[in-house]
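S.K.: Sequence:
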Amino acid sequence: MISKNTIKLIRSLALKKIRLKENLFLVEGDKNVSEVLESKFKVEKLFATSPFLINNQPKIKNANLVTEVTHEDINQASLMKSPQNSIALCKLPDFKALPEKPDVGLWVYLDEIQDPGNLGTIIRICDWFGIENLFCSPNTADLFNPKVIQASMGSFCRVELIYTPFESLAKLAAGSEIPIFGAFLEGENIYKQKLPQQALLVLGNEGNGISSEIEAKIEKKIKIPEFNKNTKSAESLNVSVATAIICSEFKRQNYFSDYSK
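If you want my numbering, it's the 1-based position in the sequence shown plus 85.
Bear in mind the hints are in silico, worked out from the structure with no lab data behind them. There's no promise every hint is true.
Restricting the straight-line Cα-Cα distance to at most 25 Å, the calculated cross-link-like pairs of lysine to any residue (SDA-like) are [said to hold, decoys possible]:
no., residue 1, residue 2
1, Lys277, Glu304
2, Lys125, Arg96
3, Lys101, Lys277
4, Lys130, Leu105
5, Lys127, Leu164
6, Lys101, Lys181
7, Lys166, Pro136
Could you build the full structure based on these sequences and the hints that come with them?
M.R.: Given below as structure tokens:
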């Protein structure tokens with residue numbers, strides 16, 4: 086079983102101040118837990134039902150402490166609406182610094198994205214499109230928020246999140262002559278642009294868009310055109326949806342430009 090004190094600890098990890106105090110973060114959902122067991126993260130404690138332990142036998146040796154529990158135990162401790170068969174408590178990693186030089190390809194910078202679900206989905210999108218580093222403003226949602234972890238569906242194990250002021254990243258991009266693109270409602274149609282293989286793409290806050298300070302450093306404003314010609318239509322796209330569409334167009338142009346094949 087899971088002790089009352091441990092249940093209290095697990096549930097308190099929804100709060101960033103407790104995560105920092107305990108130096109732990111929570112991973113739930115069988116896919117997420119299965120992936121974190123094979124990742125760079127250190128799993129301090131694993132609570133899981135017998136079927137999960139049997140199905141993941143080669144992986145569970147990577148957890149420091151493994152406790153077999155019932156599904157009812159998981160239900161009592163879980164933060165999920167529909168708990169599954171496992172809970173992992175993992176050690177917070179060291180702060181990730183900016184790379185000394187850029188890797189090849191597309192970079193993404195998030196300017197104060199607040200919704201944990203959006204951040205988790207964008208991490209998953211970056212994983213899909215082979216974007217290994219995701220840069221975030223200091224006020225962007227915390228990677229280790231349980232809702233971010235859940236929405237990422239295991240992709241948090243493969244995509245590096247680096248929290249940094251934009252100015253530091255912009256200097257790195259300028260030093261390597263990497264152009265800076267930003268998503269704006271008044272930007273130029275992305276489908277009419279020649280997009281470079283290497284670029285820094287900025288996406289803004291769900292309600293306020295890209296801040297004026299960052300906007301001043303953006304060289305190329307782009308937008309996803311609206312195809313609905315009705316007088317009443319959606320005002321904008323969800324930021325994670327926009328990220329997927331823009332990343333897809335960057336990748337399409339540079340890897341599948343001859344789409345007749």
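S.K.: Holds or violated: Lys127 with Leu164, Cα cutoff 25 Å?
M.R.: Status holds; Cα separation ~21 Å.
S.K.: Given the hinted pair Lys125 and Arg96, is their alpha-carbon gap at most 25 Å?
M.R.: 24 Å, holds
S.K.: CA of Lys166 to CA of Pro136, is that 25 Å or under?
M.R.: Holds, at about 20 Å.
S.K.: Is the Cα-Cα distance between Lys130 and Leu105 25 Å or less?
M.R.: Holds, at about 17 Å.
S.K.: Quick one, are Lys101 and Lys181 close enough, alpha carbons at most 25 Å?
M.R.: 17 Å, holds
S.K.: Under the criterion that the straight-line Cα-Cα distance not exceed 25 Å, is the pair Lys101, Lys277 satisfied?
M.R.: 43 Å, violated
S.K.: Within 25 Å, alpha carbon to alpha carbon, are Lys277 and Glu304?
M.R.: 16 Å, holds
Hint compliance for this structure: hint 3 alone is broken.
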